[in-house]
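Enquirer: Heads up: the sequence lines are chains E and U, in that order.
Following the working numbering from start to finish, the first sequence increments by one per residue and tops out at 316.
Following the working numbering from start to finish, the second sequence increments by one per residue and tops out at 316.
Be careful, since some hints might not be right.
[Unchecked claim] Straight line, CA to CA, 25 angstroms or less: simulated PhoX-like cross-link-like pairs of lysine-lysine:
id : chain 1 : residue 1 : chain 2 : residue 2
1  : U       : Lys233    : E       : Lys146
2  : U       : Lys149    : E       : Lys149
3  : U       : Lys210    : U       : Lys149
4  : E       : Lys149    : U       : Lys146
5  : E       : Lys194    : E       : Lys162
6  : E       : Lys149    : E       : Lys210
7  : E       : Lys210    : E       : Lys233
8  : U       : Lys200    : U       : Lys210
9  : E       : Lys194    : U       : Lys146
10 : E       : Lys149    : U       : Lys294
11 : E       : Lys78     : U       : Lys162
12 : U       : Lys294    : U       : Lys233
13 : U       : Lys78     : E       : Lys146
14 : U       : Lys299    : E       : Lys146
15 : U       : Lys194    : E       : Lys78
16 : E       : Lys146    : U       : Lys194
17 : U       : Lys194    : U       : Lys162
[As the list claims (entries may be wrong)] Computed spacing ranges between beta-carbons, pair by pair:
id : chain 1 : residue 1 : chain 2 : residue 2 : range
18 : U       : Lys194    : E       : Pro268    : 50 to 60 angstroms
19 : E       : Pro134    : U       : Arg59     : 24 to 34 angstroms
20 : U       : Glu309    : E       : Arg77     : 29 to 39 angstroms
21 : U       : Arg207    : E       : Glu309    : 55 to 65 angstroms
22 : E       : Lys78     : U       : Leu116    : 34 to 44 angstroms
23 : U       : Pro285    : E       : Glu76     : 51 to 61 angstroms
24 : U       : Lys194    : E       : Glu76     : 36 to 46 angstroms
Source of the hints: derived by calculation from the structure; they are not laboratory data.
Here a beta-carbon is modelled for each residue, glycine too, at the ideal position from N, C-alpha and C.
These are the residues of each chain, in order.
There are 2 protein chains.
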Amino acid sequence: MFTKLSQLGEFGLIELLKNCRGSGAAVVEGRKPRGVYGHEPYVVHGIGDDTAVVPLDARRYLLLTTDMLLEGVHFERKAPPRLIGRKALACSISDIAAMGGVPRYALVSLGVPGNLSWTFVRDVYQGMDALARPFGVAIVGGDTIKSTKVVINIALTGEAGKSDVVYRSGARAGDQIFVTGPLGKSLSTGWHLKFTPRLKESRYLVRHVKPTAMIDISDGLAADLGHILEESKVGAVLEENEIPRRAGANVRQALYDGEDFELLFTVPRRKAAFWGRQKQFRFYPIGEIVPHAKGLLLKNKTGALAKIEPRGYTHF
Amino acid sequence: MFTKLSQLGEFGLIELLKNCRGSGAAVVEGRKPRGVYGHEPYVVHGIGDDTAVVPLDARRYLLLTTDMLLEGVHFERKAPPRLIGRKALACSISDIAAMGGVPRYALVSLGVPGNLSWTFVRDVYQGMDALARPFGVAIVGGDTIKSTKVVINIALTGEAGKSDVVYRSGARAGDQIFVTGPLGKSLSTGWHLKFTPRLKESRYLVRHVKPTAMIDISDGLAADLGHILEESKVGAVLEENEIPRRAGANVRQALYDGEDFELLFTVPRRKAAFWGRQKQFRFYPIGEIVPHAKGLLLKNKTGALAKIEPRGYTHF
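Kindly generate the complete structure, drawing on both the sequences and the hints.
Expert: Below, the structure is given as structure tokens:
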């Protein structure tokens, strides 16, 4: 979820909020604010990952994520309302999957123009509910207000075993980089409305090959890999030939289009042999983590290396 | 939070969602959806209260609430951004207080027009953070997108001891009705931007005199008392003379204006003598719970009873 905050770009808002004590949503990792009511919320991991991570019990963390979707930015009003609702929840489930957790409870806020028919609202909820059930998510509440454009906010809780949770910060030089599916042209093909969050893949990875870092691709491969590189303080070489592309997508689109919602993760090389032993999922190796100083590089068909920018699709 | 969903009124959306299986956010109390990942979120209390109530551990429930605030509906853009941020979080803390819980972790989604200065965003967060600290709330994450109007969504978690949680459904004939402060003219006086959530009062009540039902007044006294009457299947007689009014507010405004954010609660009569023994808070007795068939009645200065409608300020 925080990816988009960081897209404020010129404002450098996320840095502002991280660095300025007393300034805004400044959550210092490990901060223990003491409220007047004597309790101390303790943040395990705050701004800078797909979800926040806070204590739950001796064995588990509580994961918290929120996503706001706006008409004209994340969907068009003419899109089928069931798919609009479905996408809103799917984005949040994808965030939980990217942390190695399982989703639990969803809260839905919906702003709708007064001139929209009630069937629109019903269909948005139906689309959410149809996705919620197979993913074990209970929609436990919400808020509905009148707005000029359709706006949906999903807040989703999840849980992760303390040893299962995967941050963006664990990638190490030598790790291999993988994605769970083809990239590019998600918006023009309608994939962004219909994708299935990669929760099964995440469960498999957490149980069998704990990734060192993981993120879901919402801003585009280059940008989201950029987040891993930044948090892990490493560089990467991507193999142009190996990046799986959706039908009709070129390399540029696979690198920079957003909203693929595939998982992007890194695994120590010694575990890579493991893939041969399972046929359930296809994980695509697309490159390698290298030392920080090298930055983000693309190796083309001839073996030539070119520096690329960790930029991508921006919602702002 | 659900109050507003119910304000869809003509749509009867909340009833639709409650009653239609497979239709939208249908959360049947006690529903145990079994996801493909083998876990079973169990909803203790879903739609129809200030927060959702889900299991946390042997001793406590997890409270979940979400509130969406929109420019032109809940605040004007010319309002000080610190106060806009403050109000957004205060509304959610008030929801947690109304359940007898303590707030813990907040997620902030913010939609802002591209032409707004970055200081606006910073100030919104600063206003939130300034309120979060004394209330022991950690702002652990968020999402920021570009929108045409300013829109803020706060999702807040809280905790309540299993024996502390107070629903809307427990009021019984004979209970006395109380509010925590004067009502009416909240919007015109600016109270709605500056109120302090009644968390201290809620902690006191939960520890010393467990209320039978509680709600925060966001839609107006008549409307929010109406929610208690509906959920508890009881009626009420309000004493016109006893209803505390903000300076300049008339009875009508005290009954129907919204956004007071005082707590409205019911207590068995035998406990009422207790109030005399504490001087920390002032709780205003305003009437009595009566059998359901009587509906909602207002007793005027002469002792005459008049039926009033459980309607109020509507955000829709």
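Enquirer: None of the hints should be skipped; say for each whether it holds.
Expert: Each hint tested on the structure:
1. About 29 angstroms separates the Cα atoms of Lys233 of chain U and Lys146 of chain E, which puts this hinted pair outside 25 angstroms; it is violated.
2. At roughly 9 angstroms between alpha-carbon atoms, Lys149 of chain U and Lys149 of chain E fall within 25 angstroms of each other, so this suggested pair holds.
3. Only pairs whose Cα atoms come within 25 angstroms are accepted, and Lys210 of chain U paired with Lys149 of chain U is rejected, the gap being roughly 42 angstroms.
4. Proposed proximity of Lys149 of chain E and Lys146 of chain U is supported: the alpha carbons are some 12 angstroms apart, at most 25 angstroms.
5. Straight-line distance between C-alpha atoms of Lys194 of chain E and Lys162 of chain E comes to about 31 angstroms, which puts the hinted pair past the 25 angstroms bound.
6. Annotation: proposed proximity of Lys149 of chain E to Lys210 of chain E is violated, straight-line Cα distance about 42 angstroms (limit 25 angstroms).
7. The suggested pairing of Lys210 of chain E with Lys233 of chain E holds, with an alpha-carbon distance near 19 angstroms, which does not exceed 25 angstroms.
8. Taking the CA atoms of Lys200 of chain U and Lys210 of chain U, the gap is near 14 angstroms; set against the 25 angstroms cutoff, the hint holds.
9. Restraint check: the Cα-Cα separation between Lys194 of chain E and Lys146 of chain U comes to about 23 angstroms, which is no more than 25 angstroms; the hinted pair holds.
10. Our distance criterion of 25 angstroms between C-alpha atoms is broken by Lys149 of chain E and Lys294 of chain U, whose separation comes to about 42 angstroms.
11. Taken as a hint, the Lys78 of chain E and Lys162 of chain U pair is broken in the structure, with Cα atoms around 45 angstroms apart against an allowance of 25 angstroms.
12. Between Lys294 of chain U and Lys233 of chain U the CA atoms are separated by roughly 11 angstroms; this keeps the pair inside 25 angstroms, and the hint holds.
13. This hinted pair checks out: Lys78 of chain U and Lys146 of chain E have alpha carbons roughly 20 angstroms apart, not beyond 25 angstroms.
14. At most 25 angstroms may separate the alpha-carbon atoms for a hinted pair to count; Lys299 of chain U and Lys146 of chain E exceed this at roughly 35 angstroms.
15. Between the alpha carbons of Lys194 of chain U and Lys78 of chain E the distance comes to roughly 40 angstroms, so the proposed pair goes past 25 angstroms and is violated.
16. For the hint pairing Lys146 of chain E with Lys194 of chain U, the CA-to-CA distance comes to about 23 angstroms; that is within 25 angstroms, so the pair holds.
17. For the proposed pair Lys194 of chain U and Lys162 of chain U, the alpha carbon gap of about 31 angstroms is over 25 angstroms, so the pair is violated.
18. A hinted range of 50 to 60 angstroms for the beta carbons of Lys194 of chain U and Pro268 of chain E is consistent with their spacing of about 54 angstroms.
19. Against the hinted window of 24 to 34 angstroms, the Cβ-Cβ separation of Pro134 of chain E and Arg59 of chain U comes to about 32 angstroms, which satisfies the hint.
20. Hint check: Glu309 of chain U to Arg77 of chain E, Cβ distance near 35 angstroms, so the stated range 29 to 39 angstroms holds.
21. Between Arg207 of chain U and Glu309 of chain E the beta carbons are some 57 angstroms apart, a value that agrees with the proposed interval 55 to 65 angstroms.
22. For the hinted restraint 34 to 44 angstroms between Lys78 of chain E and Leu116 of chain U, the CB-CB distance of approximately 28 angstroms leaves it violated.
23. The supplied range of 51 to 61 angstroms is met by Pro285 of chain U and Glu76 of chain E, whose beta-carbon atoms lie about 54 angstroms from each other.
24. Under the hint 36 to 46 angstroms, the C-beta atoms of Lys194 of chain U and Glu76 of chain E, about 39 angstroms apart, fit the expected range.
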